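*Asks:* If you want the building blocks of each chain, they are given just below.
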Amino acid sequence: MLVAGIKSRPQYPGLVLDPKARLHLIAAEGEGALAVLALAAAGGPDFPAKTVVYYTPGGSAGAGHVGSLEALGLDALHVTPTVPTLLTRLDVHLATATMGTRLYTAGAEGFLGQVVQLGERHGIDHLSIRTEHCGSLARRVQCVHCKGITENVTTSIVPCAHCGLSLLVRDHYSRRLAAFMGVCVDAEAPGEVPAAEEIFR
Amino acid sequence: MSGGAELRVKIAEIEPVATDVRRFRFVAADGGALPLFSGGAHVVVGMEAGDRRIRNAYSLMGSPFDESSYQVSVLKTRDSRGGSVFLHERVAVGDTLVISHPVNLFPVDRRARKHLFIAGGIGITPFLAMAEQLSEEGARFELHYAMRARDCGAYAEEAARLYGGRVHLYCSAEGRRLPVDALLANQPLGTHLYVCGPERMIEGVIGAARDAGWPEENLHAERFQAPPAGEPFRARLARSGISIDVGPHQSLLEALEAAGIDAPYLCRGGACGQCETAIVSCDGTLVHNDHYLTPEERAGAAKIMTCVSRLAGRELVLDL
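First to last, the protein sequences are chains A and B. Heads up: the first sequence is residues 1 to 201, going by the working numbering. Heads up: the second sequence is residues 1001 to 1320, going by the working numbering.
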């Protein structure tokens, strides 16, 4: 029932260093720390001094990467307990940032989407944000009926965390909402709900 | 008609504004309203100069909210192929001209937090319309305008009067040069850069922005280059079996049009991609003068932009 080849489906080509950036501003979640470590390994000797990282061990499978990030000796490393606190602090940073700042993000898809969404609110074109998908394939899903967002969705079908409808998770993606589309699966025949499959683990 | 629908306009006013620069105001020949446009748009003005039909693109510089008239500025160029001299010497108030509908290949990006305009010389014209539009909308912009001398700086005083502290003038005759690096080093995140002026200035400013870490998505330039001259060559049209000679000061597109062929075009400046034409074969070296084809496409030698590019050689066979 999922539709293949949908154009709105984001691509995450992986973190590539912009050697001309004045400041590397990186938002990472969970296993995204591994992408930051790889970027640091590829970066020149001036990488640590030009880099600020916001990191949350996060909602997916973060496993003790804080020590490795600390060892990079970055200009600044801010570790936050949750994704929302990370986004709040990044928002403040972006509000006073200047051109020459290159935004990178690595982590689970729902996190990447929210960082891109925040960057766009500060006037950054989504194509100039460098992204790498790490860790879980879990999705952020908006229920098109009640508009509520359900985080860390690993199955289709999934119950909406807000209104309880059984949602089919589609590949249609909204950059504005940073979420996939969830539509009621049993609208035609109430109660006929197919079995949930775990496809975004 | 390949360039899109045409508009018949009457010249309502011609005014000298700076050394070798004249402002023309056009009204609809039928007295009606002209289509609205957006800041950064241009029109292609058609001119019947003896046995030649010249078409030049000029930025619209008036208010985008004014549908009663269009204004363009024309710099008379010494090595002119005839268009600017024609408008300076051969037309008068009351004459009618045929122009294209406005086309915008240099629009403002409305997602920007701030718009940074850099103009060199006559490159000021699109920014006058863009500034008017953004000023009306309450958007944040700065205009940095570099000129050789005060009497070359068309509209400098008018812009300063209208937009006050948002306008910065640099006159090289007075020793003030555009401080490109300082300007680019300290702009707020989400700033978009727009450059219009001589080719060397555009290359310099865009290059400086790349070096300052600006992403490609935030860089915009408007180049209205005249088709460069070159050696004459022959163009053969494979499908229609016609052969035409392209003169040294004629573009391939103009030669096609002179032969009565309705070839596609839009900007006539190598920017938009509309005139892309497939090459069947060529005996010689392609001279690509456009800003549209990718380096890979150029190397492939399978396409040419007829408005500005040509052949250094004997014969070019086109899929037309």
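These are calculated hints, taken from the structure and not from any lab test. Given the structure is predicted, the values throughout are model-derived calculations rather than measurements. Each residue gets a CB set at the ideal place from its N, CA and C atoms; glycine is no exception. Check each hint, because a few of them may be wrong.
Derived list of chain A stretches under chain B, where covered just means 3 residues or more per stretch with a C-beta under 8 Å from a C-beta of chain B [claimed, not checked]: (1) 12-22; (2) 43-56; (3) 124-134.
*Asks:* Would you mind marking each hint as holding or not holding in the structure?
*Replies:* Results for each hint:
Judged by the Cβ-Cβ criterion of 8 Å, the segment 12-22 of chain A is covered by chain B as claimed, because 4 of its residues qualify and three suffice. For the segment 43-56 of chain A, the proposed coverage by chain B is not satisfied: 0 residues have a C-beta within less than 8 Å of a C-beta in that chain, short of the threshold of three. Coverage of the segment 124-134 of chain A by chain B holds in this model, with 4 residues showing a Cβ closer than 8 Å to a Cβ of that chain against a need of three.
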